[in-house]
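Listed here are the chains, written in short residue letters.
There are 4 protein chains.
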Amino acid sequence: MPVELSTTCEVPITFGDLDPMGIVWHGNYVKFMERGREHFGRAHELDAMSIYAMGWSTPIVRSVLEHKAMLEYGDIVEIITTFVPSPAAKVVLRYRIQAKGKGIVAAIGETTQVFLDRERRLQLIAPAFFQEWKQRHGAH
Amino acid sequence: MPVELSTTCEVPITFGDLDPMGIVWHGNYVKFMERGREHFGRAHELDAMSIYAMGWSTPIVRSVLEHKAMLEYGDIVEIITTFVPSPAAKVVLRYRIQAKGKGIVAAIGETTQVFLDRERRLQLIAPAFFQEWKQRHGAH
Amino acid sequence: MPVELSTTCEVPITFGDLDPMGIVWHGNYVKFMERGREHFGRAHELDAMSIYAMGWSTPIVRSVLEHKAMLEYGDIVEIITTFVPSPAAKVVLRYRIQAKGKGIVAAIGETTQVFLDRERRLQLIAPAFFQEWKQRHGAH
Amino acid sequence: MPVELSTTCEVPITFGDLDPMGIVWHGNYVKFMERGREHFGRAHELDAMSIYAMGWSTPIVRSVLEHKAMLEYGDIVEIITTFVPSPAAKVVLRYRIQAKGKGIVAAIGETTQVFLDRERRLQLIAPAFFQEWKQRHGAH
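Protein chains in written order, with the numbering used here: chain A, 177 to 316; chain B, 177 to 316; chain C, 177 to 316; chain D, 177 to 316.
Worth flagging that the hints you see were computed from the coordinates, not collected in a lab.
Remember, predicted model here, so these are calculated numbers, not experimental data.
One or more of the hints may lead you astray.
Any copy will do: because identical chains look the same in the list, a pair fits if it lies in one copy or spans two.
Straight-line alpha carbon distances no greater than 35 Å define the calculated DSBU-like cross-link-like pairs of lysine-lysine that follow [unchecked claim]:
no. : residue 1 : residue 2
1   : Lys278    : Lys244
2   : Lys310    : Lys266
3   : Lys266    : Lys244
Sequences are here, hints too, so could you generate the full structure?
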């Protein structure tokens, strides 16, 4: 059975993250997802710069955010990033964004990345390194 | 037949919008949608602050972005915002984001907003003003 | 007598620019200065990308912002960018940031840029193109 | 002799922080200063929200940034925030921003905040709580 690949990181909220309602402006959640994605990448050998060094860029082609609750000043944002197995030549990650210690999910997000080669051509078959990565991590 | 409610606005790309690939960082598209949404709101009497003055806040509960092509330095971003009729107590807007004069869609986005009253209670029935607004604009 | 080189551009304020006090978050003024700088550059043949194509990058080495008044939702930000003549190998620009039609200066800013060559070596003498540019514009 | 009041915090650099040169966009340093300021505030009982609860807001009226070197992808940004004693009714903080473990200062910054009361009137004499805070911390 495949193991669930997941990491958790934390980001404090700063004053500039807030909107006039005193809650975190929704547009900042994109940054929380990026933070989670990079934390996951460093932890599991799937970071954008290493992939780039191998000859591929991995642009985001789709992102979805569902907001469930608010994040407030003083909250520590906890971002749980999970790899979503897929047979396609894509990297799909799911994010749970929540205030640490509050037990309430603030948002659920998902990003989809594709592989482009140096000439920016879309790869319909996942690069060998990614196939091996999935094998190695039991994430098919 | 309902008329399509739509507005177009333009935003220049600045250096700080770019990522290391020299294209607009995907996270900035959230701002383009906000710019489009506010431009639409001012043009069609549906701006957040006027709605707030009537007693409602309209947080975004869902946003989706599909990236199709890149935006580059020197591009003028054109944001076409269209009202998506819905019987629910929601404001759904769709965005086409493109480089002006290039004829290529860079991204398609969609946001869903709900109505909360002053006590932050979700409204299951759209406020009267919004029902009237839809009538007035032929946007059911 | 040297002519004052100056341009004015306008940027609407969006909801995401505001802080919990309901005014524009001070950190966003950096973007207003960038917007003004790029507008000035395009108008007066001094934009970063053209300079880069000639072999130079022009990083900002110093920026100062003095806040005098607030900018609020609904304001159109007017950014007046003025070239500050200097004998040094530097580009110094000054910014007046104000709410259009309100007659109150919200902030005064200044940025200093230096010239680096492709090997990122600081130029102590201004590149020839910039000397000519200053001659041509009467801006010594 | 007054003790130097200072805190250090760390922030990872994310892809979205970078500009097309592959280095951290200068505009993001404002966020680093904010991060340092809030970290200092929480550590030394001088955070904006507690001050606000006592009846004062503390807007930034002046900020200066001097860039000395670049920050790159993979760097952990270290922000050292130090209180600058002043007899005036102001909070002056200085920031040293550097890549952790590299021994090179990337930027030096300074912010000046003033005290406004609930009616947004500038205080020419520092509020009593701040005078006591300075006494308590030996920071005159």
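Hint-by-hint comparison with the structure:
no.: 1; hint: Lys278 with Lys244; in the structure: within (13 Å within a copy, 38 Å between copies)
no.: 2; hint: Lys310 with Lys266; in the structure: within (11 Å within a copy, 40 Å between copies)
no.: 3; hint: Lys266 with Lys244; in the structure: both (27 Å within a copy, 15 Å between copies)
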